[in-house]
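Student: Knowing the structure of chain F, use the given hints to seat chain G on it.
Protein chains: 2
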Amino acid sequence: MKIALDAMGGDFGPDPLISGADLAYRTFGTHPVLVGDRKILEERIRALSLKAPFEIVDSKDVIAMTEKASDVRRRRGSTVWMATELVKRKEVDGVVSAGHSGASLASAMWVLGRLDGVERPAIGTILPSLTGHFILVDGGANVDCKPSHLVSFAHMGRVLARHLFSKKDPRVFVLSNGEEETKGNELVQRTIESLRESRVPWFSGPIESRDIFSGEADVVVCDGFVGNVVLKEAEGLAQTIIGMMREAAGESLRSRIGGLLLRPSLSRMKKRLDYAEYGGAPLLGVNGLFVISHGRSNSLAISNAMGMADRLAKSGLTGTIAQDIAKIPTGGSLP
Amino acid sequence: MKIALDAMGGDFGPDPLISGADLAYRTFGTHPVLVGDRKILEERIRALSLKAPFEIVDSKDVIAMTEKASDVRRRRGSTVWMATELVKRKEVDGVVSAGHSGASLASAMWVLGRLDGVERPAIGTILPSLTGHFILVDGGANVDCKPSHLVSFAHMGRVLARHLFSKKDPRVFVLSNGEEETKGNELVQRTIESLRESRVPWFSGPIESRDIFSGEADVVVCDGFVGNVVLKEAEGLAQTIIGMMREAAGESLRSRIGGLLLRPSLSRMKKRLDYAEYGGAPLLGVNGLFVISHGRSNSLAISNAMGMADRLAKSGLTGTIAQDIAKIPTGGSLP
Chain F
1 MKIALDAMGG DFGPDPLISG ADLAYRTFGT HPVLVGDRKI LEERIRALSL
51 KAPFEIVDSK DVIAMTEKAS DVRRRRGSTV WMATELVKRK EVDGVVSAGH
101 SGASLASAMW VLGRLDGVER PAIGTILPSL TGHFILVDGG ANVDCKPSHL
151 VSFAHMGRVL ARHLFSKKDP RVFVLSNGEE ETKGNELVQR TIESLRESRV
201 PWFSGPIESR DIFSGEADVV VCDGFVGNVV LKEAEGLAQT IIGMMREAAG
251 ESLRSRIGGL LLRPSLSRMK KRLDYAEYGG APLLGVNGLF VISHGRSNSL
301 AISNAMGMAD RLAKSGLTGT IAQDIAKIPT GGSLP
Chain G
1 MKIALDAMGG DFGPDPLISG ADLAYRTFGT HPVLVGDRKI LEERIRALSL
51 KAPFEIVDSK DVIAMTEKAS DVRRRRGSTV WMATELVKRK EVDGVVSAGH
101 SGASLASAMW VLGRLDGVER PAIGTILPSL TGHFILVDGG ANVDCKPSHL
151 VSFAHMGRVL ARHLFSKKDP RVFVLSNGEE ETKGNELVQR TIESLRESRV
201 PWFSGPIESR DIFSGEADVV VCDGFVGNVV LKEAEGLAQT IIGMMREAAG
251 ESLRSRIGGL LLRPSLSRMK KRLDYAEYGG APLLGVNGLF VISHGRSNSL
301 AISNAMGMAD RLAKSGLTGT IAQDIAKIPT GGSLP
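Protein sequences, first through last, are from chains F and G.
Those letters in the first sequence? Residues 1 to 335, per the numbering used here, in order.
Those letters in the second sequence? Residues 1 to 335, per the numbering used here, in order.
Excised from the complex, chain F in its bound form:
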């Protein structure tokens, strides 16, 4: 598969990006198409002695992290817009960007467009659980949602879980403030009603945020505001607890030795919590494969994001979502 990479986006410049693309070629056989300033990229490829058969598409304009997402519409020569156009023209099978995530979303919406029947594309963020991983939809694309949006997030999340985790019957939950179906705010209650009425056999009901990391759920559905709160809290709390542990381990000679002995085991644990394992979050509901990576991605994260894009392109994620969404009864009632 050929995967385009916005080779200038991200917090640390092109080096971790192009090293990640090189690693993806060596690990997954993914053919990297770099979109960025040809002169800079060729110079960095030489400097880092990278050997992958890079294709380069020249683009000198980068949407900076501090700029407005909507600017991208007026800057069709920007790296993220041009990389997305390669997908549209079927010159590549998917695109990865660690740049301005609002600009990525806007490019995907404007260049690729929404799939028929999808009111709102959503981000499928992959998080670790005690037994593996689960998908949170929406990871932050839509801050105000209607029940019909959440219903389509449930469908799209389920398709992603089947493609990504190779599970025939992923368990799909709606995030709520209690396990009882009588709990929930109005949005959640109406979403649950709608999913119950449509009699999809795979809907498992509401789940509390305390249980989402237990491994019980493959997909957890919520609006993008709540999704953002959940994601960033996990990030902040993991850092806080690890910070407290580090402090605890430095308290006495005894605990310092304990900390040293535990270090290899703890670094394996940290790896499990690390977002780099999947490296990115696919945008669900647009007409083409777009994987959004963290601005702070290192080369391993980029390589894994490109590997994921490669796998999802091969397995035909976009086509399966299109077929699945076409089957949703409109109006939330049975056909």
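Hints are computed from structural coordinates only; laboratory data are not their basis.
Owing to the predicted nature of the structure, the values given are computational and were not obtained by experimental measurement.
Pairs of lysine to aspartate or glutamate, EDC-like flavour, derived with a Cα cap of 20 Å:
#1 F:Lys232 - G:Glu180
#2 F:Lys68 - G:Glu181
#3 F:Lys232 - G:Asp211
#4 G:Lys327 - G:Asp169
Tutor: Just chain G, lined up with the frame of chain F:
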């Protein structure tokens, strides 16, 4: 101060509750008024050799955790209703209940009533941060909120922070999906606008969930659905990380020894994360002091909840909130 305790509510029966009341008497000098089945309570007080000068108000009806919260209105002889009536009649200075939290809320609303100008009472939940504690309002009482509700949560949370943390100028934030005031869903954006328009000098703007544990905020405001998600995620994630650590520490002889050496430091850390430190969450905006405790509270949590109720009654929390709310300009614009 005299504090009433719903002595039959909670997941583990009266023993941890009355032991907690005894501990509160010895630690804070709080006079405990137990509401529950006199015969059972007297028998358990003897069996546990408790020495506090308990007053007992006889009540044989308990709202079970599985019953409906609204049932409490038809059961005015239930422990939680009768305990709340003691506050109303000024026979005690506050009440603590670890029973059915919906029934606690309903009792407080019906028996004590709302303070003038408060549309929706809210729960002020106290959470640990890297440098101390912060208050999350609403911790779960109102799942669907308007901007005016969140504005009053900000005011009430600030008053609670002043009483609880003895800070003259607590920093009050609104939980959002970005640090920029242009982010947020409609509810959050309109809340921020309203607080900016009212020109309260203590409003610090939006905060992301990743930063709420850093110690920067004294008060974090959100609707009760999001508050519940934040609280339960913190609980679930702390357990998951501690579970992973335990697993990591058992992986090899080397890491087992490391884990043993670290144990005293880690148990101090666990104590910091423990909800028992404050033991309960005050209900803000009702006409009387009501502290809601966790159903799984142990005696230390109950003792601390009673001690907090004692302090907040002494410092006149309810009166200060009433005065502060009276000053909020209605309609979200300047007076």
